[in-house]
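Peer 1: Chain by chain, the residues:
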Amino acid sequence: MRARMLMFCIAATVALGAIAAPAPPGSSQPDDPDTARIRREVEGLRSEHSLAAGKGFYLRLDAGRQSLTLMLQGVSLDEYAAHGLEWGIPEVVFVDRRPAADWDAAAFSKGRLEPERERDHLHFLAPPPATGASPDSGAALPSPPPPPKSAEESYSVPSPYRIAFAERVSLEVRARGEGGRNRSVFRRLADAVSLRLSDLGTAIGLGATERVRLRVTLDAEDAASLYRSLPPDVGLVVVGLPAR
Amino acid sequence: MSTGPPTRVANPPGGAGRPRLAERLRALARRRRVRTTGAPVILLFLGLAGTGWDFEGVPAVGAEMTVSQAKRPASREAARLAAERQRLTAALRRKVPRGSWIVIDQTHNRLRLMQGEDPVLEAPCSAGSGMVLKEGSGGRVWTFDTPRGRFEVLSKAERPVWRKPDWAFVEEGEPIPKDPGDRIEYGSLGEYALYFGNGYMIHGTLYERLLGRPVSHGCIRLGKAPLREVFRQAPLGTPVFIY
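Protein chains in written order, with my numbering: chain A, 9 to 252; chain B, 1460 to 1702.
If you are wondering where the hints come from, they were derived from the structure by calculation, not from laboratory data.
Possibly wrong hints are sitting among the right ones.
[What the hints assert, rightly or not] Quick list of the computed label-pair ranges, beta carbon to beta carbon:
{"id": "1", "chain 1": "B", "residue 1": "LEU1613", "chain 2": "A", "residue 2": "LEU214", "range": "45 to 53 Å"}
{"id": "2", "chain 1": "A", "residue 1": "LYS63", "chain 2": "B", "residue 2": "SER1614", "range": "21 to 29 Å"}
{"id": "3", "chain 1": "A", "residue 1": "ALA200", "chain 2": "B", "residue 2": "VAL1620", "range": "51 to 59 Å"}
{"id": "4", "chain 1": "A", "residue 1": "PRO168", "chain 2": "B", "residue 2": "VAL1600", "range": "54 to 62 Å"}
[What the hints assert, rightly or not] When the alpha-carbon atoms are kept at most 30 Å apart in a straight line, the in silico DSSO-like pairs for lysine-lysine are as follows:
{"id": "5", "chain 1": "B", "residue 1": "LYS1637", "chain 2": "A", "residue 2": "LYS63"}
{"id": "6", "chain 1": "B", "residue 1": "LYS1554", "chain 2": "A", "residue 2": "LYS157"}
{"id": "7", "chain 1": "B", "residue 1": "LYS1623", "chain 2": "A", "residue 2": "LYS118"}
{"id": "8", "chain 1": "B", "residue 1": "LYS1615", "chain 2": "B", "residue 2": "LYS1554"}
Heads up, the beta-carbon is just placed ideally off N, CA and C, and yes, glycines get one too.
Please work from the sequences and hints to get the whole structure.
Peer 2: Okay, structure coming up:
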């Protein structure tokens, strides 16, 4: 009986304590709109700060200014003006799969290009070392390698292309206008079909399972430039995106 | 799901004529052929009509955002967050170098010299060719890539001499000299060199017509006039960003 009374007292104390204790910051009590907005901005800044403290390259997508910037350690290396920015969520049979409200507060990592950029390293076998013969003695030397191609000659650029991040977020880059792409009609057709199939697969839960896709439209030259120069394993931080 | 033989549909009770449409459709669905082709048809329907992405445009904010940010915070929590926002913004701003810094786009072979947030010089350069050199006899392999990342100017030299590494001899089909003095070459690095680590440097070139193309062995080659300017304006410790 005494033990039962003791248990009752403990339970009652715990319950009273739970009711009376002030709520910890950021818990159940909803923020007013102004506080919620500043909280989102602070979370975004924290993510940006963590990326800037690392050694990897990252992209900073500023929804307010509509710009995409390639950054390293907080320093802007190249900035592209966007002509439009959208963000989307997959839906199946008109049912959306909405992510958590604060999905954009995190920093995203390990971005890789889709379709992948193909870099063809030229392989060159060194000629055997000449032994005693003078260079102009008429010995047959292999011809020197051809001068390497410029980036514009080396890489053709699909439109749109995507940068897919490990956190199931992707950034789709669309080109406005023509120019600088160096891509054949056949490859463009293949790109379009493969993108549509990939979209269907994502939407019905097959293959890659993106939860959010950001879509940015750049000038064709800028889109091509970004595709050709994007470093591997790039990060992403999104700032200024309004709540959906 | 049963895949039994197709069944015939009886006429509706009381109806002497043709079966009703609903019954005919039901009968059709029971046929195996329809079942096997049904799934792709449904998938096609979903693909065309019911699956995909729901996109929403994001408007540019610009000036409006600045005004709303300037408002006095409504609560104590908002004030705390606003102070943290200010602190984080300032910390990020401090990461931009104040003096000179160099940005190199090795894909497009462009070098930019910055002073704070202002560009002061932009010039074509030559970054690593990406070629892979294989040694016939020794089996060694060299890849002539320019490294990416943040570096800094560690030392500077006027009229630099090049101490040719092994690959320079292997590439030209020459025997590797035993005497270190035979590795020294004058003039091929131009007037100046700025070393940024691991044997990489920004230097001049004898082949200015190739500037703008990736032809180097990993170093950054620069034309005579811009090199002189970079050498003059970039002290030791100048950050070099290569992407």
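Peer 1: Could you run down the list of hints and mark each one as holding or not?
Peer 2: Against the structure, the hints come out as follows:
| no. | hint | verdict |
| --- | --- | --- |
| 1 | LEU1613(B) / LEU214(A): 45 to 53 Å | holds (51 Å) |
| 2 | LYS63(A) / SER1614(B): 21 to 29 Å | holds (23 Å) |
| 3 | ALA200(A) / VAL1620(B): 51 to 59 Å | holds (55 Å) |
| 4 | PRO168(A) / VAL1600(B): 54 to 62 Å | violated (37 Å) |
| 5 | LYS1637(B) / LYS63(A) | violated (40 Å) |
| 6 | LYS1554(B) / LYS157(A) | violated (35 Å) |
| 7 | LYS1623(B) / LYS118(A) | violated (37 Å) |
| 8 | LYS1615(B) / LYS1554(B) | holds (24 Å) |
The structure is inconsistent with the numbered hints 4, 5, 6, 7, although it conforms to all the rest.
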